[in-house]
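This is what each chain is made of:
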Amino acid sequence: MLQGLAAISTTALALAGGPLAAQDRTIAFTGARILTMAGETIDNATLVIRDGRIVAVGSNVTIPADAERRTMEGSVIMPGIVDTHSHIGQVAGADSSSPIQPEIRALDSIDPLSSNIAKARAGGVTTANVMPGSGHLMSGQTYYMKLRDGKTVEDIAFEWKDGSALGGMKMANGTNPMGGNGFPGTRAKSASLVRENFVAAKAYCDGDRKKRDLAKDALCEVLSGDRLVHFHTHRADDIMTVLRLKREFGFDVLIQHGSETWKVADELARAGIPVSNITLDSPGGKLEATGMKMDNAGILERAGVLVSIHSDDPIVDSRMMLREAALAVRGGMSREGALKALTINGAKQMRLDARVGSLEPGKDADFIILDGDPLSAYSHVMETWVEGEKLFDRSRPEDLLMATGGYGAGSPMEASHHHWEIAEAEAGQ
Amino acid sequence: MKRMTNYLAAASALVLAAGAQAQDIAIKGEQVHTMAGPVIENGVVVIDDGKIVAVGPAASTAIPAGFEVLEAKVVTPGLVDARSVVGLAGYLNQPHDQDQLDESAPVQPHLRAIDAYNPQEPLVEWLRGFGVTTVHTGHGPGALVSGQTMIAKTIGNTADAAAIVERAMVAANLGPMALTERGKSPGTRAKQMAMLRQALISAKQGDAAKPAGGRSNDDKSNADKPPTLETQVMRDVLAGKLPLLVTANRAQDIMSALRLKQEFGIDLVLDGASEAYLLTDEIKAAGVKVILHPPMTRQYGEFENASFTTGEAMRAAGIPFAYQSSYEGYVPKTRVVLFEAAIAAANGLSWNDALASVTIDAARIIGVGDRVGSLEIGKDGDVALFDGDPFEYTSHAVGVVIDGKVVSTASQ
Numbered sequence: 033m034l035q036g037l038a039a040i041s042t043t044a045l046a047l048a049g050g051p052l053a054a055q056d057r058t059i060a061f062t063g064a065r066i067l068t069m070a071g072e073t074i075d076n077a078t079l080v081i082r083d084g085r086i087v088a089v090g091s092n093v094t095i096p097a098d099a100e101r102r103t104m105e106g107s108v109i110m111p112g113i114v115d116t117h118s119h120i121g122q123v124a125g126a127d128s129s130s131p132i133q134p135e136i137r138a139l140d141s142i143d144p145l146s147s148n149i150a151k152a153r154a155g156g157v158t159t160a161n162v163m164p165g166s167g168h169l170m171s172g173q174t175y176y177m178k179l180r181d182g183k184t185v186e187d188i189a190f191e192w193k194d195g196s197a198l199g200g201m202k203m204a205n206g207t208n209p210m211g212g213n214g215f216p217g218t219r220a221k222s223a224s225l226v227r228e229n230f231v232a233a234k235a236y237c238d239g240d241r242k243k244r245d246l247a248k249d250a251l252c253e254v255l256s257g258d259r260l261v262h263f264h265t266h267r268a269d270d271i272m273t274v275l276r277l278k279r280e281f282g283f284d285v286l287i288q289h290g291s292e293t294w295k296v297a298d299e300l301a302r303a304g305i306p307v308s309n310i311t312l313d314s315p316g317g318k319l320e321a322t323g324m325k326m327d328n329a330g331i332l333e334r335a336g337v338l339v340s341i342h343s344d345d346p347i348v349d350s351r352m353m354l355r356e357a358a359l360a361v362r363g364g365m366s367r368e369g370a371l372k373a374l375t376i377n378g379a380k381q382m383r384l385d386a387r388v389g390s391l392e393p394g395k396d397a398d399f400i401i402l403d404g405d406p407l408s409a410y411s412h413v414m415e416t417w418v419e420g421e422k423l424f425d426r427s428r429p430e431d432l433l434m435a436t437g438g439y440g441a442g443s444p445m446e447a448s449h450h451h452w453e454i455a456e457a458e459a460g461q
Numbered sequence: 005m006k007r008m009t010n011y012l013a014a015a016s017a018l019v020l021a022a023g024a025q026a027q028d029i030a031i032k033g034e035q036v037h038t039m040a041g042p043v044i045e046n047g048v049v050v051i052d053d054g055k056i057v058a059v060g061p062a063a064s065t066a067i068p069a070g071f072e073v074l075e076a077k078v079v080t081p082g083l084v085d086a087r088s089v090v091g092l093a094g095y096l097n098q099p100h101d102q103d104q105l106d107e108s109a110p111v112q113p114h115l116r117a118i119d120a121y122n123p124q125e126p127l128v129e130w131l132r133g134f135g136v137t138t139v140h141t142g143h144g145p146g147a148l149v150s151g152q153t154m155i156a157k158t159i160g161n162t163a164d165a166a167a168i169v170e171r172a173m174v175a176a177n178l179g180p181m182a183l184t185e186r187g188k189s190p191g192t193r194a195k196q197m198a199m200l201r202q203a204l205i206s207a208k209q210g211d212a213a214k215p216a217g218g219r220s221n222d223d224k225s226n227a228d229k230p231p232t233l234e235t236q237v238m239r240d241v242l243a244g245k246l247p248l249l250v251t252a253n254r255a256q257d258i259m260s261a262l263r264l265k266q267e268f269g270i271d272l273v274l275d276g277a278s279e280a281y282l283l284t285d286e287i288k289a290a291g292v293k294v295i296l297h298p299p300m301t302r303q304y305g306e307f308e309n310a311s312f313t314t315g316e317a318m319r320a321a322g323i324p325f326a327y328q329s330s331y332e333g334y335v336p337k338t339r340v341v342l343f344e345a346a347i348a349a350a351n352g353l354s355w356n357d358a359l360a361s362v363t364i365d366a367a368r369i370i371g372v373g374d375r376v377g378s379l380e381i382g383k384d385g386d387v388a389l390f391d392g393d394p395f396e397y398t399s400h401a402v403g404v405v406i407d408g409k410v411v412s413t414a415s416q
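So the protein lines, in turn, are chains A and B. Add 32 to a position in the first sequence, counting from 1, and you land on the number used in the numbering used here. Add 4 to a position in the second sequence, counting from 1, and you land on the number used in the numbering used here.
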């Protein structure tokens, strides 16, 4: 642990100690294959960044005279990965006192120094929706993380306005939030509790709101559409319940996991509901995941559903997200679709696409440099840049440790996360 | 079970189509990786009556008339998973399909894998679909001595038909996974070692009064009693008939395992060994084989120092090792050695050594290297077919042959 922290600190010092902070310089990366995710792949292309933003990208780019040039022949540059469902930073959410706790904020629990954030950067992740768990109908407000080099949760918030960070609302149905004292015993009861809370919130939101209720305030943001609902759901019937709730209350929703979305792909496409999908190495492990298929993302793509691919770190290690996209291709998804599912699609789903998800002038300079085809097992993320700063460099030993693991790569209590509690509870049944 | 039903229907169709010559088959590959010599370009493997009868370039290797012919870009030996719990652990993850661990007592070497292995388990079919034809499976980590392991082919209607080694090893576990709570023993690492040493010493002495679980018998009747089942199995361990497979990840747990080997002269196989890269000299000197954790094992808890590169560290030190699918308690319910070897191949281990870690090296470490793990004359006709580099995520397994029978032609 101490070694891990020391490694991170060393990196921070090295960056701060430069004559001119990286993000202030103009840097031109030339000769790369660039997957912009906003059009065709461009070979022998140039990317110019300055002040943390992208200035230009393309094959006929005028490079400013004062630009630092880096020749990138043989390299591939693509946008940083946007992970639409992650639990890095040792996040936690609601406690076991009740199944609906919208006032809870993930940001109040996140450890920005957790090494799993550095590991995620080593895997190319630059933006992540960091969420509380799925053991509640509503487990709290999610936190959109920008994987900057930071010591505080404020440093790595995607945006921080009026004391509030950008994020969505985590909801769940199916078996995870069921059972136990004060928690629903059936699916119908689950839906009923959610409906009761939204009905009560509606009255509050339409009133003068003089006596503030933190929980209802958060629900007002959901009902107004300002706060996106990230809805953990696996089984096809549970997915359809989400659609029913959305029709009744009008909130914006992103289906999370959606193991059986392949069974209702047409319904999702017709309703215009996007899906944040996960692909695992085998089905099962819980009853709701027995219908999991490697070809799910491809089926959604062909049905016309906007689909992203997420890690659910630690369920899939953040460093395995390119692999996960490749497995989706193995299952029939198009190569381009799979890479978009890691980048621009997630950005659109989280409404962050004005800033991240593709390499276009004006957007944040969040990108990764690979030594080959992003979908090949043999390729590696060589560098990860966030807002114009190189925060991961595989050639630095302390960064390589984050990329491969090894002695001192961990943090205490890492993955102290709801999944293990659920697994233990299920094992004890 | 729908998937299984579909599979059986498909398999029956194949068997019927091939008729009486179902076991006479030739497999042609643009690349044939025999794991017993250099890769053969445009090679062929000929299987007669379940056994390999010829391997060589297609140009100079005759395929007898009437043989069914399969073709693929890349042909490898059927993959060997050096350590799993599938068949005992099922994909539903419900109490009725989790037989890899009984927690009623900390030391139960007499629990046999074959009494719990379910060959119809969908996870077995899942592994088979990726080319895994042999699996060393059985009792898992989680108890000081959880029971025995077995080696099975990933086909067969019964455990008896699937098994190629009914008693393979005795599974033990040092470290946090095998600690018990609420005042029960073992509650510490030192207690684990004391109990394991006592179990071995008791077996050695024929001391039925103090069997492994700490149970006390009537002293007077000891002389007349046959040794307990526990004692019989532990004596097989002491005699070197059954290796002790010790799951140990932290460096101090690995050293404890090596100390056991030194004290009792047992045949020790290390399992997991996530910090083995810290102890290459010690492991090498002890002459111990290592079945490494899957590279994609989650790097937290006792795996917080695990590395994708440990396989290469073992190879560089000259320590025999294999990769495994291991035990998973949640999702995904099993890992797949094909995928795990790919991570090793992408992190320093050579392509050939990575494939060996899930074929011939794995077969040798679990003691069946004379029968499976390579494509050589006289060995079992177990073959995996791929439509490209097996380690590329976007390639597919496109055929699986076990004992000369085509058991899958699905693209997976």
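Simulated from the structure, these hints should not be mistaken for laboratory data. All values derive from a computational prediction rather than experimental measurement. Mixed in with the good hints there might be a few duds.
As the list claims (entries may be wrong) - SDA-like cross-link-like pairs, simulated, lysine to any residue; straight-line CA separation at most 25 Å:
no., chain 1, residue 1, chain 2, residue 2
1, A, Lys325, B, Gly333
2, B, Lys77, A, Asp327
3, A, Lys380, A, Tyr410
What the hints assert, rightly or not - Where chain A lies over chain B, by a calculated footprint (3+ residues, C-beta under 8 Å):
no., stretch
4, 38 to 51
5, 92 to 99
6, 295 to 306
7, 328 to 341
8, 357 to 371
Claimed, not checked - Derived DEER-like restraints, expressed as beta-carbon distance ranges:
no., chain 1, residue 1, chain 2, residue 2, range
9, A, Asp194, B, Glu286, 46 to 52 Å
10, B, Ala66, A, Tyr410, 56 to 62 Å
11, B, Ala414, A, Ala97, 54 to 60 Å
Note that the Cβ used here is the ideal one computed from N, Cα and C, for glycine as well.
Status of each hint after checking the structure:
no.	hint	result
1	A/Lys325 <-> B/Gly333	holds, 19 Å
2	B/Lys77 <-> A/Asp327	holds, 23 Å
3	A/Lys380 <-> A/Tyr410	violated, 29 Å
4	38 to 51	violated (count 0)
5	92 to 99	holds (count 6)
6	295 to 306	holds (count 5)
7	328 to 341	holds (count 9)
8	357 to 371	violated (count 0)
9	A/Asp194 <-> B/Glu286: 46 to 52 Å	violated, 58 Å
10	B/Ala66 <-> A/Tyr410: 56 to 62 Å	violated, 37 Å
11	B/Ala414 <-> A/Ala97: 54 to 60 Å	holds, 59 Å
Of the numbered hints listed earlier, those contradicted by the structure are 3, 4, 8, 9, 10.
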